[in-house]
Every structure is written in C-alpha cells, then in structure tokens.
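J.: With these hints in hand, go ahead and build the complete structure from the sequences.
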Amino acid sequence: MSSDSSILVEILAVIAFSTLFSLGGGNGQLAIIQDHWVDPGLLSPALFAWAYAIGNFVPGPKCSFVAGIGYFLAGFPGAIACLPACMLALKPFTEDHGWSMLFSWVTCASWV
Amino acid sequence: MNVSTARNSLPFLTICWLFFVLGCTCFGGMWAAMDRLQKELVERRRLLSIEDQRSLMLAAAMIPAPKFLAFAAMVGYRIGGILGAIGSSIAILLPGTILVLAACVLTVVASENPVLLTIQHYVGLGVVGLLAGNAVRMFVGDGVNRRSALFGLMISVGIPLYVIAFEGPLIVAACVGLAVGSILIRGDDKRGAVNVE
Chain A
22 MSSDSSILVE
32 ILAVIAFSTL
42 FSLGGGNGQL
52 AIIQDHWVDP
62 GLLSPALFAW
72 AYAIGNFVPG
82 PKCSFVAGIG
92 YFLAGFPGAI
102 ACLPACMLAL
112 KPFTEDHGWS
122 MLFSWVTCAS
132 WV
Chain B
25 MNVSTARNSL
35 PFLTICWLFF
45 VLGCTCFGGM
55 WAAMDRLQKE
65 LVERRRLLSI
75 EDQRSLMLAA
85 AMIPAPKFLA
95 FAAMVGYRIG
105 GILGAIGSSI
115 AILLPGTILV
125 LAACVLTVVA
135 SENPVLLTIQ
145 HYVGLGVVGL
155 LAGNAVRMFV
165 GDGVNRRSAL
175 FGLMISVGIP
185 LYVIAFEGPL
195 IVAACVGLAV
205 GSILIRGDDK
215 RGAVNVE
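Chains A and B, in that order, give the protein sequences.
Residues in the first sequence are numbered consecutively from 22, following this note's numbering.
Residues in the second sequence are numbered consecutively from 25, following this note's numbering.
It is worth saying that the hints were derived from the structure and are not from the lab.
Just so you know, not all the hints are guaranteed correct.
Some chain A residues well away from chain B (every beta-carbon gap over 10 Å; in silico) [as the list claims (entries may be wrong)]: (1) S26; (2) E31; (3) P61; (4) P98.
Covered stretches of chain B, as calculated for chain A (at least 3 residues, CB under 8 Å) [unchecked claim]: (5) 91 to 97; (6) 145 to 154.
Negatives, chain A to chain B, calculated, CB over 10 Å [said to hold, decoys possible]: (7) S27; (8) D60; (9) L63; (10) A95.
Glycine included, each C-beta is placed from N, C-alpha and C at the ideal position.
T.: The following block contains the structure:
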C-alpha cells in the first residue's frame, strides 16, 4: 500500500472512529482528531481550529468540518474520504443490527 | 426501524434533492433547525408525523454519530430504504462540506493574505462567542436542573484543567467526562419538554 493510500485509509478509520464519540453532538470528534493528528504535529492547531470554526458557520451538519481536516492532511482525496467515514457509524442504526454496531466499533478501534 | 412503517416513500433523486435543500438552509445543527425540518418533513410533505419527527430526533441524539446526519439517515431510510439513507446522508452533508472545503482551499492558496488572516481571526472569535453563548443559554435556561448545570460546569472546567495541569491525554479526559456526565447529569421532564418543543 503506498503512503498516499495509507493516509486515506488512516483518515477513513480515524474519522469513522471519531464519529462514534459524537454522542449528543459533534464535539466528541475533536478529542480524537486532536490526539491523532494535532498533538503529533501532523496538523497545525491553527488549521484545525479554522476548519472547526468554518464547520460551525456553514449550513447543515456541523461535522462537515472533517472535510477540511481531510483536505489539510491529504488534499481533495482526503476530503472525499471523510464523507463515507462520517457515515460508516450510521449504517448499523439504519438496519437495527446491534451486533454490526459492535463490529463497527471493534473494526474502527483496531484500525486506530 | 422498518421500511414498512413508512407513511410515504419518495424516489431516490427527490430524497437527495430534499435533503440537499435542507443541508443548504438549516443552520446551527439539528435542534436549531427543528422548526425548518418540521415545516418541510411534517407539514409540507407529510413524510413524518410530529411524534415520529421528535422520536427520530431524540434517537439521533442518542446514537454515537453526528446528530443531524443520523437524523437524515433515519428519515431517508424510512422513506427510501437503505439507498434513501445513503442519499439523504450524502445530500445533507454536501453543501456544508463544499463550503468548508472552499474556505480551507482559500486558506492554503492565500495563506499570507492579511485580509484572510483578519477574517480568520474574527471567525475564530465568532465561534468562541457562539459556543460560549450556547453554553450559557443551556446553563441558565428555563427548566435546567441547577445540580445538572453545576456538574456540567465542573466537567467543562475539569477536562481542560486536567489536560493543562497534568498534561494528560485529552482523549482520556473526554471519555471520563462523558462517562461522569452520563451518570451525574440527568435531564428532568421539564427540560425534555423544553428541548423537544
């Protein structure tokens, strides 16, 4: 796997995992993203804050800020990878499959 | 949730267009957009009853996923099956994502531009004000249990204090805050009524 595709897989996994912490609101994602990319220096705090700030101002779900995070990390492919990542956690709930929810938690956790 | 319980179903493209328009016009998150959602989904299109809308919104708030996205997916699933859920989730996320992306591209392209730096500064301040205003409104609003407000305040202050003073990992602090908050902060009936209505 090349480094380009590995960063996309990493974005997909971390964002999908972080959405599982969005209980009652989207801010649960922030801790995961900060821990994984901001603290190790892969993403500057200023860009992280800027993406989050814009996410609060635009219409629609506030979690759209993750597209900015993806863009800063890997360009447009990174931003596109964030879209399915946000929705991975939703799939089990639209089908009423508790076990698949557990599976998605374990899968995401193992990726991270 | 079963597709057979749906009151109405819509073609895939109509679902996508409906949620794209909602994604363009609903600001401030799911609860802030409740009136707009009710007008469109309940009154105008009659896709949901008001009770369905409220229960789906409460369910969306309890699901570990972004609330608005979870709500869109559940409504999409109800009116269009699994394809409807995928279409509605993407469509509601798309307008905000495009705008965020445009702003981020602009940041990279014109990173040295003083006008952009000024805008960034004021947008940052605006968001801090927005979040602080929301927090104050929730703490002092009608129907908020004082005990819950106090615990919420202590957790809000305790997490950054722990991270700054002990240099502990933020993720651990956030998880502990979530667990403690889930146990100690209980909404009473009055609060629930305020939220839903």
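J.: Would you mind marking each hint as holding or not holding in the structure?
T.: Now for the hints, and whether the structure bears them out:
The Cβ of A/S26 sits about 21 Å from the closest Cβ of chain B, beyond the 10 Å cut-off, so the non-interface label holds. Against chain B, the non-interface label of A/E31 holds: every CB pair exceeds 10 Å, the least being about 16 Å. Against the 10 Å criterion, A/P61 stays outside the reach of chain B, whose nearest CB is about 12 Å from its own CB. With a least CB separation of 12 Å from chain B, A/P98 remains clear of the 10 Å interface cut-off, as annotated.
For the region 91 to 97 of chain B, the assignment as covered by chain A holds, since 6 residues bring a beta-carbon within under 8 Å of that chain's beta-carbons and 3 suffice. For the region 145 to 154 of chain B, the assignment as covered by chain A holds, since 5 residues bring a beta-carbon within under 8 Å of that chain's beta-carbons and 3 suffice. Residue placement check: A/S27 keeps its beta carbon more than 10 Å from all beta carbons of chain B (closest about 22 Å). The Cβ of A/D60 sits about 8 Å from the closest Cβ of chain B, inside the 10 Å cut-off, so the non-interface label is violated.
At roughly 15 Å, the least C-beta separation between A/L63 and chain B is larger than 10 Å, which holds for a residue marked as non-interface. Every beta carbon of chain B lies more than 10 Å from that of A/A95, the smallest distance being close to 12 Å; the non-interface claim holds.
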